[in-house]
Amino acid sequence: MIIVKNLVKSYKSHKVLDGISMGQARGEKVVLIGPSGCGKTTLLRCLNQLEVFDSGKISVAGVTLDAAADHSSKAWKASRHELRLRVGMVFQSFNLFPHMTALENITLAPIKVKGMHAGDARKLGMDFLEKVGLGEKAKFHPSQLSGGQQQRVAIARALAMKPEVMLFDEPTSALDPEVKEDVLGVMRKLAYEGMTMLVITHEISFARDIADRIIFMDAGKVVEAGPAKELCAHPKEPRTIEFLSKLLPRSPKRQAAVKVPDNQLSLEDLWD
Amino acid sequence: MKDLSPRVKKNLKKYFTAALLFSSLAAAFPALAPAAALEEIKARGVFRWGADAEGGAPYVFPDPRDPDKLIGFEVDLAAALAAKWGVRAEMVQNNWDGLIPALGRGSFDFIMNGLEITPEHLKQVSMSRPYYIYSQQIVTAKERKDINVPEDLKGKKVGVLSASMSQRVLEKMGGVTIVAYAGNSEPCRDLKNGRLDASLMDYPIALYYAKPYAELKFTGKPFAFGYYGVAVPKKDEALLREINKALDSLLAEGKLKAIYKKWGMWEESMGAKMKNYGKEDAVAEESAAAGPPWGKYLWMLLKSAVITVELSVISMVLAVGLGLALALARLYGAAPLRWLSTAYVEVVRGTPLLIQLYILYYGLPNIGIKLSAFIAAILGLGMNYAAYEAENYRAGIQAIPRGQMEAAMSLGMTRMQAVRHVILPQAMRIVIPPISNDFIALFKDSSLVSVITMVELTKMYGMLANATYNYMGLGLMTAAIYFGLSYPASLAARHLEKKLAYDHR
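Residue numbers (this note's numbering), protein chains in the order written: chain A, 2 to 273; chain B, 19 to 523.
In short, the hints are calculated from the structure, not lab data. Accuracy of the hints is not assured; some may be wrong.
[Said to hold, decoys possible] Think about it this way: if two alpha-carbon atoms lie no more than 27 Å apart in a straight line, the pair counts; the simulated DSS-like pairs of lysine-lysine are:
#1 B:Lys-174 - B:Lys-190
#2 A:Lys-140 - B:Lys-87
#3 A:Lys-190 - A:Lys-124
#4 A:Lys-16 - A:Lys-6
#5 A:Lys-78 - A:Lys-13
#6 A:Lys-113 - B:Lys-517
#7 A:Lys-190 - A:Lys-16
#8 B:Lys-517 - A:Lys-140
#9 B:Lys-174 - B:Lys-239
#10 B:Lys-239 - B:Lys-102
#11 B:Lys-239 - B:Lys-279
#12 B:Lys-172 - B:Lys-239
#13 A:Lys-138 - B:Lys-516
#14 B:Lys-87 - B:Lys-60
#15 B:Lys-517 - A:Lys-138
Model the full structure from these sequences, guided by the hints.
Here it is in structure tokens:
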């Protein structure tokens, strides 16, 4: 579903991505971890073409973009558009449109991009709002919602475009601890439904729960990758060990969260 | 000589107008200036006379060869008076419209600057025997055959100097479409351009401003004779007697004739007319009605306020639309568009609106584009304010966090869709306060278009106040109309701002 080959991206002389290669199968959930500035966010943004990469190649949900191609050509722009239609993105800072209600935030793109009728879009929007547990907030503006509620609307907004892959860029790091679980719950539900997800997060317990694999990045390179539980329990690379040791003991609450059973989850259990 | 009223000067004049209006208001209160009898002048060794060098040739004007020096027949006359009294003459520059109020304030001893002896003026000041007899001259394009006598002007478009005797003569005649100009060279230019059928000017003015144009001609004989007199404050009868005595002897000695001959202004009939002058000859204009007709003034002011509103609203619509296009071109356009938009904003913002108006109205006809005054005014104001609105929009758009554009693009929207549905609606709310602020500024700036003959509210005030010397009452009335129009506009802007608010916290 996602193939990244020798991706390089520099800001001036600084190489943010230094020849990254990775792959992800349909339905697989991958968590990207790494110290800040390691390039994980840049990688995610490249996959959605919010960043242009210098060399290498990506292929997401069947759309391939090669850095060598002419970026101003019609074909390239069409591919980029297609890519964005197939990839949903959730930002750290939600980026909801503040002048619209929660429902309007969700229906805007289906109406304008897909040409959906307003009535159909509204129905679709309500379905997704209910899916994230905010059906009764449809007419609220983002400023009237809590951070956790806003992020759930943002997830619904991305889902309403029926993407094949969902990218999450630190979706809970701007949230208070007590509402983080609301958002993580929605993500768990999504994972359970089989969505292909690539997630950047510092919630290591969450990663352990839902991720099939964890990729540890540092200085623009993949340092170590492996099945989630194994990588957490037995990291091999010294830099991974150092990073995880900083991440894990600091938050005892997270340790507790590990106790959530990781199989046979019913949807209802996930709410709250 | 025809170039004596360059644009630069005119611009200065306009900027001084605000100050002038203010001082005129002050002058509406009783003046407490000391009496300046001749003894006092002699003791001082100098007399000060008020005039406006911008009134131009041949009265008082800067010598084209040495612009530091003022020349003109009134300068010569002042020198002759000074020689008679054995003192120096000192000219005090004052805007012509404000000469009488300034005299009341004691800014100078007397006025000698083409001030007509009329019952209206005599109500304000005491006036000497005439020192010149002037008349009105019709000027038309050379090929014009249908205008020969004053009656022919009826139904025609005729240019005059604003608030001049020419204007009053035409107003009294009735049935003439009067176009009032701030200077004397502009009506000549518009005659040449074909914007006017004719122009009516004081004879000496016509000599200096219209004669040099090969395309123009004097039509018919001078008519509507009138008298220029020296004006002194009402209580200075002693000084007035001395001035009359001096003028009498200058006339008898032939010195007056010599001065006017030098300036090409002498007519043989003038000598006898001046000698036999009696007070009853004071140009019998319409005798003033009992008490000022406030209702009529208000009606005229309101009518011109409609022009002001039309001008402001239409040019603001243009400014807001063009400004948005400029801002979008600068932020999202291809390189040449971006460059053009930046250049437009910098050039238009960096040059005075007045120059732009002059170029649009008087300059464009040189390359064959003749705009009506109304269109030129709207284009001038609209295009000028568009530069400011473009910057408002740009600031508003740039204030929207980058994440908004990214979120929209990640949902598959094109850049233009994102701008239209996500960025602009948010930016609008930010730019409404500065734009409504600009609208109120434009509303008042619209008075600048009087330089291209638009008679809007401020111009109408100026004309009425000049005619009646009622600066205070009319000024308050005009200010009240401006406020009455702009305050609802700012209330509406506030309402709109609230309506667009989405921050319901």
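Pair hint Lys-190 (chain A) and Lys-124 (chain A), alpha-carbon separation not exceeding 27 Å: At roughly 21 Å apart (the allowed maximum being 27 Å), Lys-124 (chain A) and Lys-190 (chain A) satisfy the hint.
Restraint status (C-alpha distance of Lys-517 (chain B) to Lys-138 (chain A) at most 27 Å): The hint holds at about 21 Å.
Satisfaction of hint between Lys-140 (chain A) and Lys-517 (chain B), Cα-Cα up to 27 Å: This hinted pair holds, its Cα atoms lying about 16 Å apart.
Distance restraint between Lys-78 (chain A) and Lys-13 (chain A), which requires alpha-carbon spacing of 27 Å or less: holds (25 Å)
Restraint status (C-alpha distance of Lys-113 (chain A) to Lys-517 (chain B) at most 27 Å): Answer holds: Lys-113 (chain A) to Lys-517 (chain B) is near 24 Å, not above 27 Å.
27 Å limit on alpha-carbon distance, applied to hinted pair Lys-174 (chain B) and Lys-190 (chain B): Cα-Cα ~15 Å, so holds.
Pairwise hint evaluation, Lys-87 (chain B) against Lys-140 (chain A), where the allowed Cα distance is 27 Å at most: Violated - the C-alpha atoms of Lys-87 (chain B) and Lys-140 (chain A) are around 76 Å apart, more than 27 Å.
Restraint check for Lys-16 (chain A) with Lys-6 (chain A), where alpha carbons must lie at most 27 Å apart: Holds - the C-alpha atoms of Lys-6 (chain A) and Lys-16 (chain A) are around 16 Å apart, at most 27 Å.
27 Å limit on alpha-carbon distance, applied to hinted pair Lys-239 (chain B) and Lys-102 (chain B): Measuring from Cα to Cα gives roughly 36 Å; hence the hint is violated.
27 Å limit on alpha-carbon distance, applied to hinted pair Lys-172 (chain B) and Lys-239 (chain B): Holds: Lys-172 (chain B) and Lys-239 (chain B) sit about 17 Å apart, inside 27 Å.
Restraint check for Lys-239 (chain B) with Lys-279 (chain B), where alpha carbons must lie at most 27 Å apart: The hint holds at about 20 Å.
Restraint check for Lys-174 (chain B) with Lys-239 (chain B), where alpha carbons must lie at most 27 Å apart: Satisfied, since the Cα-Cα distance of roughly 19 Å is no more than 27 Å.
Hint compliance for this structure: hints 2, 7, 10 are not met, and every other hint is.
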